[in-house]
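A.B. asks: Here are the chains, one letter per residue:
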Amino acid sequence: MRVPPLLTLVLVAIWLLLNNTIAPRDILLGLLIAVLLMLAAAQMRPVQPRLRQLWVAIPFTFVVLWDILKSNWNVARIVLGIVKDRRVVSGFIDIPLDLRDPHGLAILAAIITSTPGTAWAGLSEDGSVLKLHVLDLRDEEEWIRMIKQRYEQPLMRIFG
Amino acid sequence: MIDTDLSAWVVIPVSLLLVLGGLVTLIGSLGLLRLPDFFARVHGPSMGNTVGTGSVLIASMLTSSALAGRPVVHELLITLFIVMSSPVTSMMLMRAALYRNKVREEKQQAARAANAG
Amino acid sequence: MSVVFSSAVWFAQTCFALAMVLAAVRLIRGPAAQDRVLAFDTLYINGMLTLLMLGIRSSSTAYFDMALLIALFGFVGTIALAKFLLRGEVIEP
Chain Y
1 MRVPPLLTLV
11 LVAIWLLLNN
21 TIAPRDILLG
31 LLIAVLLMLA
41 AAQMRPVQPR
51 LRQLWVAIPF
61 TFVVLWDILK
71 SNWNVARIVL
81 GIVKDRRVVS
91 GFIDIPLDLR
101 DPHGLAILAA
111 IITSTPGTAW
121 AGLSEDGSVL
131 KLHVLDLRDE
141 EEWIRMIKQR
151 YEQPLMRIFG
Chain U
1 MIDTDLSAWV
11 VIPVSLLLVL
21 GGLVTLIGSL
31 GLLRLPDFFA
41 RVHGPSMGNT
51 VGTGSVLIAS
61 MLTSSALAGR
71 PVVHELLITL
81 FIVMSSPVTS
91 MMLMRAALYR
101 NKVREEKQQA
111 ARAANAG
Chain V
1 MSVVFSSAVW
11 FAQTCFALAM
21 VLAAVRLIRG
31 PAAQDRVLAF
41 DTLYINGMLT
51 LLMLGIRSSS
61 TAYFDMALLI
71 ALFGFVGTIA
81 LAKFLLRGEV
91 IEP
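Chains as they are written, first to last, in the working numbering: chain Y, 1 to 160; chain U, 1 to 117; chain V, 1 to 93.
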C-alpha cells in the first residue's frame, strides 16, 4: 500500500495551521497522524490523479483569481442594476467537453461554481456535455469558447 | 478596541480590504434578495463566499501578524475550507432545484392529462 | 490612524449585519425550499464573517476557532439539507 506524498504534505500543513506552530515536535506528530490517515483512506479512494505538467497550475491559478475578481464586478453591476442599455437574460448553456479525468472535472466544477455569474448545473451521463447556468447570457458562443480555452485547456494539460 | 500600536502600513491595507469585503458581501446578499428566480440567486452568495471571505481573512491575518510580531496564518485554514465547501454546496442545491422542478412539471403534466382524459 | 481602522471595522460589521438581515428576509420569504436552504447558507457565512470581525476588534484568537466550527457545521448542515431535497433522505441505505 503506497501513501500519496502530496496529500500527506497537505494534511501535515493543515495540522500545523490548526495548531498555529512550526515546532519540530508538532511536525513529527502531524506526519504520524497524516500517514496513519492516508493508510486508512487508501482503501476508500482507489483513483490516484496523474499529474502531467504541474507547472501550468501556477499561471492558471492567477488567471482564475483574476476571473473571479472580474466576474464579481460584473455580477455586482447586474445586482445593483447599473447595466442600463439592455435587459440581462440568464439561462442554461450546453458545452461539449473533452476533459475526462475525474480530478480535472472536479476542479473545473469548483472553478466554475466559485466564479460568480456561472454555476455548474450538471454533467450528462457519458460525461461529454456540461450544463451550465449563466447569469448574463449575451453571447453563447463566447461563453463556450471562454470555458474551453481558459479553463479546459490548462486542466487537460495538468491532468493529461 | 485595538489601541494605536498598529502602524499605517498595516492600517491602510486592512481598512481597504475590510471595506471591500463588507461591500461585496452586502451586494451578494442583496442579489440573493433581488434576483428573479432561484437559478439566478445562486450567483449572489458566491460573491460573498469568494471575495468577501477572502478579503476579511487576509485582513485578519495582517492584523494578528502585526499584533503578534510574527506571521500568524492559521486563517488560511478557513479560506481553504470555504474554497472547498462552497462550490459543493451550490452544486448540490443546483441539482436539487433542477430535480424538484422536473418532478413538479411531471406532476402538473399528469394532472393535466388526468383532467383531459 | 486608529480612527481609520475603527471606522473601517465598524463599516464592515454593519455591512455583514445588513447582509444577515437580507438573507433572513429571503429565508422567511423564499418561495421554494431550495431558496430557504441557499439563504441559510448565506446567513451562516455572514455570521462567521461577523465573528471574524469581532476577533479583529478585540485582537483575540478565540474567535478563530468559533469561526472554523461555524464553517464546518454549517457546511455539513447545508449538505444534509440539500441531499434531503434531492432524494428525500440524507443517508441512503
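Just so you know, the hints here were simulated from the structure itself, not pulled from any lab data.
No residue lacks a Cβ here, since even glycine has one placed at the ideal position from N, Cα and C.
It is possible that part of the hints are untrue.
[As the list claims (entries may be wrong)] Footprint (simulated), chain U over chain V, 3 or more residues, beta carbon under 8 Å:
#1 12–25
#2 39–45
#3 59–71
#4 75–86
A.B. asks: Each hint: holds or not?
C.D. replies: Structure-based check of each hint:
no.: 1; hint: 12–25; result: holds (count 11)
no.: 2; hint: 39–45; result: holds (count 4)
no.: 3; hint: 59–71; result: holds (count 6)
no.: 4; hint: 75–86; result: holds (count 7)
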